[in-house]
Every structure is written in C-alpha cells, then in structure tokens.
Amino acid sequence: GQNIDQPTEMTATEGAIVQINCTYQTSGFNGLFWYQQHAGEAPTFLSYNVLDGLEEKGRFSSFLSRSKGYSYLLLKELQMKDSASYLCAPTGGGNKLTFGTGTQLKVEL
Amino acid sequence: EAGVAQSPRYKIIEKRQSVAFWCNPISGHATLYWYQQILGQGPKLLIQFQNNGVVDDSQLPKDRFSAERLKGVDSTLKIQPAKLEDSAVYLCASSSPQDSPSSYNEQFFGPGTRLTVL
Chain A
46 GQNIDQPTEM TATEGAIVQI NCTYQTSGFN GLFWYQQHAG EAPTFLSYNV LDGLEEKGRF
106 SSFLSRSKGY SYLLLKELQM KDSASYLCAP TGGGNKLTFG TGTQLKVEL
Chain B
133 EAGVAQSPRY KIIEKRQSVA FWCNPISGHA TLYWYQQILG QGPKLLIQFQ NNGVVDDSQL
193 PKDRFSAERL KGVDSTLKIQ PAKLEDSAVY LCASSSPQDS PSSYNEQFFG PGTRLTVL
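If you read the protein sequences in the order shown, they are chains A and B.
For the first sequence, the residue numbers in our numbering are 46 to 154.
For the second sequence, the residue numbers in our numbering are 133 to 250.
Heads up, a few of these hints could be off.
[Stated by the list, open to error] Capping the alpha-carbon separation at 25 Å, the derived lysine-lysine pairs in PhoX-like fashion look like this:
# : chain 1 : residue 1 : chain 2 : residue 2
1 : B       : Lys147    : A       : Lys141
2 : B       : Lys143    : B       : Lys194
3 : B       : Lys215    : B       : Lys194
4 : B       : Lys176    : A       : Lys151
5 : B       : Lys194    : A       : Lys141
6 : B       : Lys147    : B       : Lys210
Calculated directly from the structure, the hints in this document are not laboratory data.
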C-alpha cells in the first residue's frame with residue numbers, strides 16, 4: 046500500500062522561498078512526481094525525481110531521498126500566481142501514481 | 133498539440149440516476165487513466181487502460197462504476213446508479229510509454245468533469 050504525508054496548508058510572502066515536504070511509504074517505488082493544481086483546474090506537471098538529489102527547473106526545485114522516503118519541493122521568488130495546491134505523487138509499477146492530499150499554498154503580499 | 137479533452141464539464145444529477153463521462157486523450161497516447169478527486173483531496177486512480185486493455189481497476193467500485201476504451205482511443209466512464217458520495221471531479225489523463233529507463237511517463241490531465249449528486 047501507499048502512505049503519503051504532506052502539510053495541509055502553508056502561507057508565504059511574495060518574493061520569499063517556501064519548501065513543501067512530503068514523506069511517503071510505498072511498495073514498488075520508481076520515482077516521485079510533483080504536480081501543481083490551481084483551484085478548479087487540472088493538475089499540471091512540475092517535476093519528476095528518480096535518483097537521489099536535487100533537480101532544478103527555473104524557480105522550482107525538487108529533492109528526493111529514496112532511503113528516507115522523503116521529498117521536498119522548493120519554490121523561489123514566490124509570485125501571487127503560485128497560490129495553488131501542490132501534490133506529491135510517488136509512482137509504482139506500471140506508472141501508477143498515488144497522490145497525497147496536497148498542500149494548499151497561499152502567497153500573500 | 134491538442135490536450136486531453138473531456139465532456140461534459142459540469143453535470144448535476146439526482147441520486148440513483150446514471151451518468152456518463154467522455155474522454156479523448158492526446159493523440160498517440162496509449163495509456164489512459166480515470167481519477168476521482170473529492171474536494172480537498174488528491175486525485176484517486178479509478179482505472180488505467182493500456183490501449184484498449186485494463187491494466188489496473190483495483191479501486192473502481194465495480195458494482196456501480198464501469199469504463200471502456202473499445203478502440204484504444206477515447207474512453208467512457210459510467211456511474212449507475214449514482215450516490216451522494218460520488219460528488220467529485222472526474223479527471224482523465226493520458227501518457228505515452230517511454231523506452232529509455234531514465235525517462236518518465238508524465239501524465240497529462242484534462243480539465244475534468246465536476247459531478248454533483250443531489
């Protein structure tokens with residue numbers, strides 16, 4: 046089975062840096078996705094980690110530790126449009142994603 | 133490149149009625165997924181197709197939910213009869229298998245169908 050834990054809500058200030066943590070326990074782990082979901086919209090892909098370490102993509106970076114069952118998403122230079130839900134999703138066999146409940150990020154002025 | 137298409141976008145029905153949702157994946161994508169997303173939760177996989185075959189339907193409530201992908205392209209998800217707890221957004225996603233072990237199968241999501249059961 047899968048067990049995924051991420052904070053329910055976070056608040057940060059425009060221009061700041063925020064780190065969203067995710068811990069997971071899975072069977073047959075292949076890699077871990079992060080998706081962004083704005084209210085009323087479909088999830089959109091942010092990042093994928095299969096190896097340990099940090100993957101950087103513009104203002105967004107994602108980190109994975111397979112041995113610890115831990116990942117984080119780092120958002121830099123926060124903008125108001127970054128207010129959204131961030132979904133952690135480890136993958137198992139057959140590209141099966143299991144999503145966490147998501148972290149609702151609110152960016153304030 | 134056109135994205136994943138879904139219809140209808142919104143549907144309101146009474147409990148015990150039936151409803152069907154339609155999905156057209158990105159052209160060439162062999163794998164199609166249906167997810168249920170209840171308000172405040174992450175998407176939950178209901179069923180996964182590879183071409184027109186079912187790969188995983190372990191979380192599909194088969195007494196009331198059914199899905200098909202007859203020609204390996206578009207797909208229909210049906211609920212019959214609907215219950216109050218089926219109120220949710222139903223998301224369709226598709227992906228294309230990659231040959232390289234270092235690549236990944238990013239799933240592309242459609243806009244979803246918001247179902248309200250009264």
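Quiz item: Does the alpha-carbon distance linking Lys143(B) and Lys194(B) stay inside the 25 Å limit?
Solution: Given that 25 Å is the threshold and the Cα spacing comes to 21 Å, the pair holds.
Quiz item: Are Lys176(B) and Lys151(A) close enough, with their CA atoms no more than 25 Å apart?
Solution: Roughly 24 Å between the alpha carbons, so the hint for Lys176(B) and Lys151(A) holds.
Practice problem: For the pair we were handed, Lys194(B) and Lys141(A), check the Cα-Cα distance against 25 Å. | Solution: Answer holds: Lys194(B) to Lys141(A) is near 19 Å, not above 25 Å.
Quiz item: Taking 25 Å as the top limit, are the C-alpha atoms of Lys147(B) and Lys141(A) close enough?
Solution: 31 Å, violated
Quiz item: Regarding the pair Lys147(B) and Lys210(B), is the alpha-carbon distance no greater than 25 Å?
Solution: Cα-Cα ~14 Å, so holds.
Quiz item: Is the hinted pair Lys215(B) and Lys194(B) satisfied, with a Cα-Cα distance of at most 25 Å?
Solution: 14 Å, holds
Checked against the numbered hints above, the structure breaks only hint 1 and satisfies the rest.
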